[in-house]
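*Asks:* Just so it is clear: in the sequence shown, position 54 is 54 by the working numbering, and no numbers are missing.
No wet-lab data here; the hints were simulated from the structure.
Keep in mind that the hints are not guaranteed to be accurate.
As the list claims (entries may be wrong) - In the DMTMM-like style, the derived pairs of lysine to aspartate or glutamate whose C-alpha atoms are separated by at most 20 Å in a straight line are:
no.	residue 1	residue 2
1	LYS62	ASP40
2	LYS62	ASP90
3	LYS36	GLU68
Claimed, not checked - Pairwise CB distance ranges (calculated):
no.	residue 1	residue 2	range
4	HIS70	THR24	34 to 40 Å
5	TRP129	SER149	22 to 28 Å
6	LEU75	PRO167	20 to 26 Å
7	GLU139	LEU166	17 to 23 Å
8	ASN88	MET172	50 to 56 Å
9	GLU154	THR74	52 to 58 Å
10	LEU166	GLY133	39 to 45 Å
11	VAL43	TYR17	32 to 38 Å
C-beta atoms are modelled at their ideal positions from N, C-alpha and C, and glycine is treated no differently.
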Amino acid sequence: MVYNLVAKYGLIPQSLYPDSFSATASSTLNSIIFTKLREDALVLRNLLSSPSTSATAVSNAKAEMLREIHTILTLTLGPPPSPSEPFNWDFTDTSGKARTVRTTPQRFAQDIWSPNFRITSAAAGQGGWFGMGDSWMDEFVYQAVVDPSVLREEVKKVLDGEPVVLPLWDPMGSLA
């Protein structure tokens, strides 16, 4: 996901696009967005349950709702930089010389970021690989997605049983 975002929009130095207050203290913004999305979901649900609503009307309503979310985010976080608009970055290199770079966010990302990470040359783990034993799995893994074809028969039988709905306050119920 991050790879796709960087490839599409690029990167920009933080000194040119610093965090706004709403980005560093985001609980209020999160609450506003969460409330707005729930409100919009209710409107969409009502539109979809009405037999007289056309697919075009639903699509137009959804587009308007997304514009409102974008407006809220733009007002609180600032307008995002254009991926193709050039910027000038003034900085001091490691030898103390002042330098200026004129580039676009996409070109800047291509120049400084390489997604071609070779696992075999990684310093962490054993040659870039991490082995997780049974004790590690017991301590850190709560849920796992497993192909049913690799399960033992007694575990497969559990899948045929009635699902257990966990209470809202159960920590295992909030992991999904």
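*Asks:* Which hints from the list above does the structure break, by number from lowest to highest?
*Replies:* Of the numbered hints given earlier, those the structure breaks are 2, 4, 6 and 10, listed in rising order.
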